[in-house]
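Make a model of the complete structure from these sequences and hints.
Residue numbers (this note's numbering), protein chains in the order written: chain A, 1 to 145; chain B, 1 to 529.
Because the hints were derived from the structure by calculation, they are not lab data.
Glycine included, C-beta positions come from ideal geometry on N, C-alpha and C.
Treat the hints loosely; a few may be bogus.
Stated by the list, open to error - Facing chain B, from chain A, some residues (calculated, C-beta under 8 Å):
#1 H27
#2 V66
#3 T68
#4 W69
#5 A70
#6 G79
#7 V84
#8 I86
#9 V90
#10 A94
To be verified - EDC-like cross-link-like pairs, simulated, lysine to aspartate or glutamate; straight-line CA separation at most 20 Å:
#11 B:K115 x A:D64
#12 B:K381 x B:E448
#13 B:K371 x B:E110
#14 B:K115 x A:E138
#15 A:K96 x B:D7
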Amino acid sequence: MRDFILKRVAAVILPFVCVYGFYVIFHGHISAGGSFAGGIIVGLSYIAFSTIYGIKKGRAKMPDKVLTWAESFGTLWYGIMGMVGISRGVPFLANKLAGVDLGVPGALFSGGLIFYIGLGVGIRVASTMITIFFTLMEDDRENAA
Amino acid sequence: MTAVIADNLPAFVIIVPLFAGVVLPVFARRQRLVEGLVVLAEAAGLAGVGFLAYIVFTHRGTDWVYQMGGWPAPWGIELTVNSLAVFFLFAVMAVSLPIALFTMGNLKDEVGSNKRTARFYTLFLLLVGSLAGMALANDLFNTYVLVEVATLSCCGLVSSRGTPRAAEAAFTYLVLATLASSLVVIGIGFIYVTTGHLNMGFASQGLAQAWQDRPHVVWLAISFVLVGFGLKSALFPLHVWLPDAHSSAPSPASAVLSGLAVKGYMICLLKFLYVVFGPALMKEFSVDRILVLAGMAAIICGAVMALPQDDLKRRLAFSTVSQVGYIYLGFGLMDENGLAGALFYLASHAAIKSTLFLSAGAMIASAGKKKISEMAGIGRKMPLTAAAFTAASLGLIGIPMFSGFIGKWYLIAGSLDTGDFLPTVIIIAGSVLCAAYLFPVIRAMWFETPQKAKQESTVQQECKTAVQHAAEHMPAGPGVPREVRVKDPGAAQKLALILLTAVIFVLGVVPGPFIELARSAAAELLMLR
Numbered sequence: 001m002r003d004f005i006l007k008r009v010a011a012v013i014l015p016f017v018c019v020y021g022f023y024v025i026f027h028g029h030i031s032a033g034g035s036f037a038g039g040i041i042v043g044l045s046y047i048a049f050s051t052i053y054g055i056k057k058g059r060a061k062m063p064d065k066v067l068t069w070a071e072s073f074g075t076l077w078y079g080i081m082g083m084v085g086i087s088r089g090v091p092f093l094a095n096k097l098a099g100v101d102l103g104v105p106g107a108l109f110s111g112g113l114i115f116y117i118g119l120g121v122g123i124r125v126a127s128t129m130i131t132i133f134f135t136l137m138e139d140d141r142e143n144a145a
Numbered sequence: 001m002t003a004v005i006a007d008n009l010p011a012f013v014i015i016v017p018l019f020a021g022v023v024l025p026v027f028a029r030r031q032r033l034v035e036g037l038v039v040l041a042e043a044a045g046l047a048g049v050g051f052l053a054y055i056v057f058t059h060r061g062t063d064w065v066y067q068m069g070g071w072p073a074p075w076g077i078e079l080t081v082n083s084l085a086v087f088f089l090f091a092v093m094a095v096s097l098p099i100a101l102f103t104m105g106n107l108k109d110e111v112g113s114n115k116r117t118a119r120f121y122t123l124f125l126l127l128v129g130s131l132a133g134m135a136l137a138n139d140l141f142n143t144y145v146l147v148e149v150a151t152l153s154c155c156g157l158v159s160s161r162g163t164p165r166a167a168e169a170a171f172t173y174l175v176l177a178t179l180a181s182s183l184v185v186i187g188i189g190f191i192y193v194t195t196g197h198l199n200m201g202f203a204s205q206g207l208a209q210a211w212q213d214r215p216h217v218v219w220l221a222i223s224f225v226l227v228g229f230g231l232k233s234a235l236f237p238l239h240v241w242l243p244d245a246h247s248s249a250p251s252p253a254s255a256v257l258s259g260l261a262v263k264g265y266m267i268c269l270l271k272f273l274y275v276v277f278g279p280a281l282m283k284e285f286s287v288d289r290i291l292v293l294a295g296m297a298a299i300i301c302g303a304v305m306a307l308p309q310d311d312l313k314r315r316l317a318f319s320t321v322s323q324v325g326y327i328y329l330g331f332g333l334m335d336e337n338g339l340a341g342a343l344f345y346l347a348s349h350a351a352i353k354s355t356l357f358l359s360a361g362a363m364i365a366s367a368g369k370k371k372i373s374e375m376a377g378i379g380r381k382m383p384l385t386a387a388a389f390t391a392a393s394l395g396l397i398g399i400p401m402f403s404g405f406i407g408k409w410y411l412i413a414g415s416l417d418t419g420d421f422l423p424t425v426i427i428i429a430g431s432v433l434c435a436a437y438l439f440p441v442i443r444a445m446w447f448e449t450p451q452k453a454k455q456e457s458t459v460q461q462e463c464k465t466a467v468q469h470a471a472e473h474m475p476a477g478p479g480v481p482r483e484v485r486v487k488d489p490g491a492a493q494k495l496a497l498i499l500l501t502a503v504i505f506v507l508g509v510v511p512g513p514f515i516e517l518a519r520s521a522a523a524e525l526l527m528l529r
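What follows is the structure in structure tokens.
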């Protein structure tokens, strides 16, 4: 890999892509996009990193263990947020009924639990995208050898 | 604390298996912990279903409607706890707990590595959770999502052995099941366009008013839903994927696929037809007659196709095609007895086919032979496994004292109620054919002696005994003949087989409460109450 320009440009752009992904996740309830789209953007920034700098470096940035934990606990986080309602004596996934402050409409912290649930979904989606990419690359290498 | 759990039980029955399944990959290295978590989640599910059944029995006549997030019906998502839901939930949990027990300790031999085992358990729990959701969901789109979760888990389970044959079967299944999913979602789309509702109760009311304005749209919706779920649950002409998929999966997976997954789609279809479209519309579009005809064709053709199979698991898979026919036949009878019989038969077949696949799997794993012709005399080496297989076979044929008999009894009663003679004949003919493809297996297991032993002289036999004696005191290696190691599986596997056989016996000997639950579910569906 001697693509000097590609590497330099990626080094400048990719951090912003990642941050933009989180921006989309966190603004899911007040603007277009959402945690799924945002999660894919975050995952994409890592996938781009691994394709440009090589799978080895990409894997070093995101070890399997971290991916597994992110996948499992991103989803579990959703369940825990659902339990907030149950702990307050109202049904699963209740938001306003559970007494969560909904804030001013249009502000960043205005969806109650939706903001936090979105974070869990985003992490799950991002880690799943990266896992799928790594799995595909791995199988490719095995077949070649 | 107890009150909190009891109040939210419908949600917990779904989310406990789902989230337990999702967390498992983290503990992939610690095999014991994973197995413990799976069995714990299953046991918790069974206990929860027991409590739900108690509530349904004490509050007869009123459904318990659980609103997700506290949103009321037209907008929010509802879970409905009624006789049908509890009946199917009970079947799911009572059968999947023994299957989970059966996998303890020996799943690694079936699928390979620890990582694969954790993956298998994740898919297994996702499947159980989504089946529980299908039973409870009172919402068209959520039903579709749960069907998708179940389908993808099934594909993973089919391919979990990693062999080329399994991959091919899984791919065929994936393509056909995805096609079926898209048919279902198009059907749901038509219902939504016609009525503007996704909640089953509201959609049903809307259809009752709107179908005369747009009969073609409703007709299309029924067709898409029927073919979609028919393809997923292997209704006779659409069964092509099933034999490959169910015979190439690891045996616990075959058990859960044949025993439960197929039934989940049937329950979905049942809810779509009876709850959403309603008995009147079904008669109007003669869906009932299509179901009866397809069911009768499935009973005969599935059994005839099972007859020439020499691969034991393939024979069992074709038998599933045949047994699915009985349940569809009952769905189409539109009669309280017939529908109750179909539901009872569904639960009974879930237990029976799981027992058959698990015991067949134990025999195949232990003897290293897949063919029925090679299984001569295995009953004497693995008495408990073969006994479980025999009991389940008798149940499937419909011998009194076993659960299949009660189901067939009510199915025949239902078909006689409708005044139609043919279904009765077909049910009895199907039982005879079932005996024709299962009795040879039983005979081979118990009454035949292996070919080799017959030809051997006394000297050879003495030599063999000496070799066996030596082999028993030596670690098993490549030089040791494999037959020496043929014996019943470990304690957890034995317990699982005994539990499943007990379910078959209990359903057959004291069917009272279960038949009552099935009858009240049938009455609810037929709107007799």
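Against the structure, the hints come out as follows:
A cut of 8 Å between beta carbons decides the hint on A:H27: the least distance to chain B is about 22 Å, and the hint is violated. Residue-level restraint check for A:V66 is violated (minimum Cβ-Cβ distance to chain B is 11 Å; threshold 8 Å). Restraint check, A:T68 versus chain B: the minimum CB separation of about 5 Å is within 8 Å; hint holds. Using the Cβ-Cβ criterion of 8 Å, the hint placing A:W69 at the interface with chain B is satisfied: the shortest such distance is roughly 6 Å.
Residue-level restraint check for A:A70 is violated (minimum Cβ-Cβ distance to chain B is 10 Å; threshold 8 Å). A least Cβ separation of about 5 Å between A:G79 and chain B falls short of the 8 Å threshold, and the interface hint therefore holds. About 11 Å separates the beta-carbon of A:V84 from the nearest beta-carbon of chain B, more than 8 Å, and the hint is not met. Satisfaction of the interface hint for A:I86 is found here, the shortest Cβ-Cβ separation to chain B being roughly 5 Å, below the 8 Å cut-off.
A distance limit of 8 Å between C-beta atoms decides the matter here; for A:V90 the minimum to chain B is near 5 Å, and the interface restraint holds. At its closest, the beta carbon of A:A94 sits 5 Å from a beta carbon of chain B; the interface hint therefore holds under the 8 Å criterion. With a C-alpha separation of about 12 Å, the suggested pairing of B:K115 with A:D64 holds against the 20 Å cut-off. Simply put, B:K381 and B:E448 have alpha-carbon atoms about 12 Å apart, close enough for the 20 Å limit, and the pair holds.
Between B:K371 and B:E110 the CA atoms are separated by roughly 18 Å; this keeps the pair inside 20 Å, and the hint holds. Between B:K115 and A:E138 the CA atoms are separated by roughly 16 Å; this keeps the pair inside 20 Å, and the hint holds. For the suggested pair A:K96 and B:D7, the alpha carbons sit about 19 Å apart, so the restraint of at most 20 Å is met.
In this structure, the hints that do not hold are numbers 1, 2, 5, 7, in rising order.
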